[in-house]
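Q: Sequence:
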Amino acid sequence: MTVATLTDGAFPAEVLDHSGLVVVDIWAEWCSPCRALGPIFEMLAERYLDRVRIGKLDADANPETVTRYDVRALPTVLIFQSGVLVERLSGARALGTYVDAIETQLARGEAGVVAVPSVERTMPALPLANADSDAIREARALLANGEAMLVFKHSNSCPVSFTAKRQYDQFLDANPDVHTRLVIVQQERDLSNALETVSRLRHQSPQALIVRDGRVLWDASHGGITKPRLEEAFATLRRPA
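Positions 1 to 241 (my numbering) are the ones given, in order, by the sequence shown.
Don't take each hint at face value.
Claimed, not checked - Computed list of lysine to any residue pairs in SDA-like fashion (alpha-carbon distance at most 20 Å, straight line):
| hint | residue 1 | residue 2 |
| --- | --- | --- |
| 1 | 56 | 43 |
| 2 | 56 | 12 |
| 3 | 165 | 219 |
These are computed hints drawn from the structure, not numbers from a lab.
Throw the hints in and build the complete structure from the sequences for me.
A: Here it is in C-alpha cells:
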C-alpha cells in the first residue's frame with residue numbers, strides 16, 4: 001500500500017470526513033529532512049495497510065491546509081482521529097516514534113476513549129513596544145507612506161517563512177516598481193514588535209502587509225503569502241474606484 005497524495009481540495013473528504021485514523025506528513029521537495037522521512041512513511045503504509053490511512057501533503061502546493069493547521073516547521077506530521085486533530089509531531093523522527101503515536105491512538109479508539117484534540121501551538125505575540133521608541137516611529141512612518149507599500153516579516157529560522165519569502169522574491173522580481181520593506185524578525189525584533197502595536201494585527205511570521213496612508217489595506221500570513229495573491233492584491237488597489 002502506497003502513501004496517498006493529499007491536496008487542499010481533497011483534504012476534507014480524505015481526512016476530515018474519514019471515520020478512522022489518518023496520519024498526514026506535511027513536507028516540501030526542498031526540505032532534506034522531509035525527503036528522509038519518505039521511506040519511513042512507506043513503511044508505515046505497509047505496516048498498517050487498511051487500519052490507518054497514511055498520506056502526504058506538499059506544503060508549497062497546498063497553502064490552505066498549511067495555514068489552517070498553523071504549520072510552522074517541516075516536516076510536520078498531523079494525526080487525525082475521526083476528523084479531529086489529536087497529535088502533532090514536528091521535525092523528522094525515527095520510525096518508532098510514529099509507530100508509538102499510531103498505536104496509542106488505535107488503542108484509544110479500540111477502548112472507546114474519545115480523543116482530546118491537541119492544542120494548536122502558535123508563536124507567542126511579541127511584547128508591545130515603547131510608545132516613544134524609534135521602532136514605533138519607524139513603524140508609523142512605514143504605514144503612513146503615501147503609496148502602497150509591501151512590508152514582509154520574515155523569520156530566518158522557519159522553513160514555512162522561507163517558502164513564503166520565495167514567493168515574495170518572485171513577486172518583487174516581476175514587479176520591481178513596488179515599494180517594499182523586508183523585516184527579518186530575529187534582527188529587527190523591535191520593529192517587528194512595533195508593527196504589531198501600530199497595525200493592531202497579531203504578530204505572525206511570515207507575515208505580509210500592504211500599507212498606505214496609515215492603514216493596513218491587505219494582510220496575509222504563512223501559506224497565504226503567494227506571488228499570485230500579492231499580484232491580485234496590488235492589482236485591486238490600482239483599479240479606479
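Q: Out of the numbered hints, which ones does the structure contradict?
A: none
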